[in-house]
Amino acid sequence: MSERFFPDGMPPPLADATTLPFWRAAAEHRLVVQRCTGCGHTRLPPAPVCSECRSAEADWTQVSGRGEVYTYTIVHRPIAAGQQLPYVIAVIALADAGGVRMISNLVGASPDDVAVGMPVELVWEDMSAELAIPRFRPRHV
Amino acid sequence: MSRRAHIVGIGETRYTRWGKIGDVTEHALACQAIQNAVADAGLSLDEVDGLASFADDRNEAVFLAAELGLPRLRFGNMVWMPGGGGGCAAVSNAAMAVETGQADVVVVYRALCQGQFFRFGTGGVDASAPAPPKAPSLQQANSLMLASMGFAMPYGLLMAAAAYALPTRRHMHLYGTTSEQLGRIAVTFREHASRNPRAVMGGRPMTIADHQASPMIADPHRLFDCCLESDGACAVVVTTAERARDLARRPVEILASEQGAPKGYAFGHFTNANIADELYATGGCEELAGRLFGKAGLGPGDVDVAQIYDHFTGCVLLQLEDYGFCERGAGGPFVASGALSWPNGSLPTNTHGGSLSEAYIHGLNHVVEGVRSLRGESTSPVEGAEVCLVTSAACVPSSALLLGRR
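So the sequence lines, in the order shown, correspond to chains P and U. When we follow my numbering, the leftmost residue of the first sequence carries the number 1, and every step to the right adds one. When we follow my numbering, the leftmost residue of the second sequence carries the number 142, and every step to the right adds one.
Misleading hints may appear alongside valid ones.
Cβ-Cβ distance ranges computed for the label pairs, FRET-style [said to hold, decoys possible]:
1. P:Arg-137 x U:Asp-164: 50 to 56 Å
2. U:Phe-258 x P:Arg-139: 41 to 47 Å
3. U:Glu-240 x P:Asp-59: 47 to 53 Å
4. U:Phe-258 x P:Thr-37: 54 to 60 Å
5. P:Asp-112 x U:Asp-164: 45 to 51 Å
6. U:Glu-321 x P:Asp-112: 15 to 21 Å
7. U:Gly-479 x P:Pro-111: 30 to 36 Å
8. U:Thr-263 x P:Pro-119: 30 to 36 Å
9. U:Gly-317 x P:His-29: 35 to 41 Å
10. P:Pro-111 x U:Ala-207: 49 to 55 Å
11. P:Gly-98 x U:Gly-465: 31 to 37 Å
12. U:Gly-265 x P:Thr-37: 49 to 55 Å
13. P:Cys-53 x U:Pro-223: 26 to 32 Å
Derived from the structure by calculation, the hints contain no laboratory data. The model shown is predicted, which means the values in this text are computed figures rather than measured ones. Note that the Cβ used here is the ideal one computed from N, Cα and C, for glycine as well.
Go ahead and model the full structure; you've got the sequences and the hints to work with.
Have a look at this one:
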């Protein structure tokens with residue numbers, strides 16, 4: 001099991017058939033984005049149709065998990081019992097994912113140091129044997 | 142145009158802090174507000190043949206129509222999506238119904254009793270509850286909305302104060318907007334509320350120092366950047382120019398209404414990290430604003446008074462730029478100049494105190510105040526006001542109205 005950052009009581013991911021492959025890959029510590037096989041447009045969250053060329057054909061591409069903070073908020077109210085406060089919710093612009101961003105957390109950083117543009121890298125948090133959540137930490141370059 | 146839609150009546154119940162109304166049900170409050178609005182118009186409930194609401198209102202039109210003894214219900218309507226983006230859209234849909242003859246008198250209503258259901262501010266989660274003994278696991282999303290939330294909730298993104306901090310923080314990064322500038326919005330609306338006997342925070346003056354000392358909720362949102370959580374209900378009555386002619390009150394014309402979302406917007410910033418870069422640090426309403434003003438043949442300079450949806454101070458600032466009251470990025474200096482203040486600002490805004498200081502009724506109370514401001518009945522009255530802009534929540538699919546007195 002990985003280092004833990006958040007308590008068990010955090011809301012679990014909710015998935016349907018379209019988004020399930022993302023979480024299946026996450027359980028294997030692979031961060032994937034959906035890529036349209038028609039035009040190459042990448043998207044996250046996953047969707048049944050490409051918004052650019054309207055093709056329904058798509059596959060999944062693993063990305064490095066490097067990126068930078070696009071925007072963030074430092075939250076001072078808990079969601080789950082035992083949660084460490086404050087915590088950082090950040091929008092991460094992924095470096096090699098066709099411009100795709102994702103909502104996640106920034107961990108392992110003092111809230112005072114968080115800034116837009118901060119380089120980050122992926123860190124997996126195993127919430128249980130079947131569930132891993134992608135979070136990010138500062139990347140020292 | 143004899144079927145041109147006008148607002149002819151407004152009504153409210155008492156407004157309180159969330160959880161304070163426990164002696165009546167939420168739908169009873171909706172009934173009271175509807176009855177008050179119909180009485181204000183000088184109409185009878187026997188003439189009401191349409192009901193419209195928004196934000197997944199729990200108070201279904203079919204039940205209200207039965208409880209209120211409406212002779213017939215010809216039009217019942219609910220706008221897309223939860224959240225406050227649909228208040229003006231509900232009025233717009235009522236206007237469409239009366240203008241096309243689907244109904245003659247439509248009442249738009251919204252009732253909220255958060256204490257009887259759940260507090261929006263908590264995201265519906267009890268953070269003090271122990272974790273279930275079962276190991277954390279993936280759960281089935283049984284709606285498109287929940288599948289979308291699946292990419293926000295595991296990171297603790299459940300409360301609106303955190304979600305809408307994201308575009309505001311980006312705006313601060315791009316343009317140097319400050320917390321003190323956001324505070325100016327909250328302080329201005331609080332001052333307006335001081336004259337409004339309905340305002341929940343009417344007796345609670347606020348200074349910039351008070352704002353800066355209020356606890357941080359989700360940076361950059363301090364407590365006083367966040368709207369109230371309230372119990373209460375309000376309603377407005379929409380009918381045709383022809384029917385409006387001999388009613389009790391001076392009718393207020395719906396000059397234009399618009400609703401919509403930009404490409405790829407989905408539910409907006411709450412769940413969508415991939416809003417286009419040029420739209421991310423905005424309220425997403427710029428295109429809608431252009432269509433709205435175009436329809437009415439008016440521009441931002443023609444607006445005498447504005448009622449702008451204020452779930453958070455930052456979202457007000459983003460909308461001021463979206464609607465063209467200042468350049469993109471100039472919202473901070475614009476609000477700091479005192480532009481929003483009654484009576485001397487260039488754009489007196491939220492003359493009732495808004496959701497930050499009157500009450501949080503999902504912004505339908507902003508439509509009510511828009512009507513009051515054009516009737517000359519606001520407690521912060523703008524002399525000779527002829528055009529009022531009313532907006533619904535930004536950073537989600539939104540809607541807006543231009544109201545006029547001719």
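Taking the hints in turn, this is what the structure says about them:
1. P:Arg-137 x U:Asp-164: 50 to 56 Å: Holds, at about 51 Å.
2. U:Phe-258 x P:Arg-139: 41 to 47 Å: Check passed, 43 Å falls within 41 to 47 Å.
3. U:Glu-240 x P:Asp-59: 47 to 53 Å: holds (49 Å)
4. U:Phe-258 x P:Thr-37: 54 to 60 Å: violated (45 Å)
5. P:Asp-112 x U:Asp-164: 45 to 51 Å: holds (47 Å)
6. U:Glu-321 x P:Asp-112: 15 to 21 Å: Since Glu-321 of chain U and Asp-112 of chain P have Cβ atoms about 19 Å apart, the given range 15 to 21 Å holds.
7. U:Gly-479 x P:Pro-111: 30 to 36 Å: holds (33 Å)
8. U:Thr-263 x P:Pro-119: 30 to 36 Å: holds (34 Å)
9. U:Gly-317 x P:His-29: 35 to 41 Å: Holds - the Cβ-Cβ distance for Gly-317 of chain U and His-29 of chain P, about 40 Å, lies within 35 to 41 Å.
10. P:Pro-111 x U:Ala-207: 49 to 55 Å: Given range 49 to 55 Å: holds, Cβ gap about 53 Å.
11. P:Gly-98 x U:Gly-465: 31 to 37 Å: Check passed, 33 Å falls within 31 to 37 Å.
12. U:Gly-265 x P:Thr-37: 49 to 55 Å: Violated, since Gly-265 of chain U and Thr-37 of chain P (Cβ atoms, about 38 Å apart) do not stay within the stated range.
13. P:Cys-53 x U:Pro-223: 26 to 32 Å: holds (31 Å)
Checked against the numbered hints above, the structure breaks hints 4, 12 and satisfies the rest.
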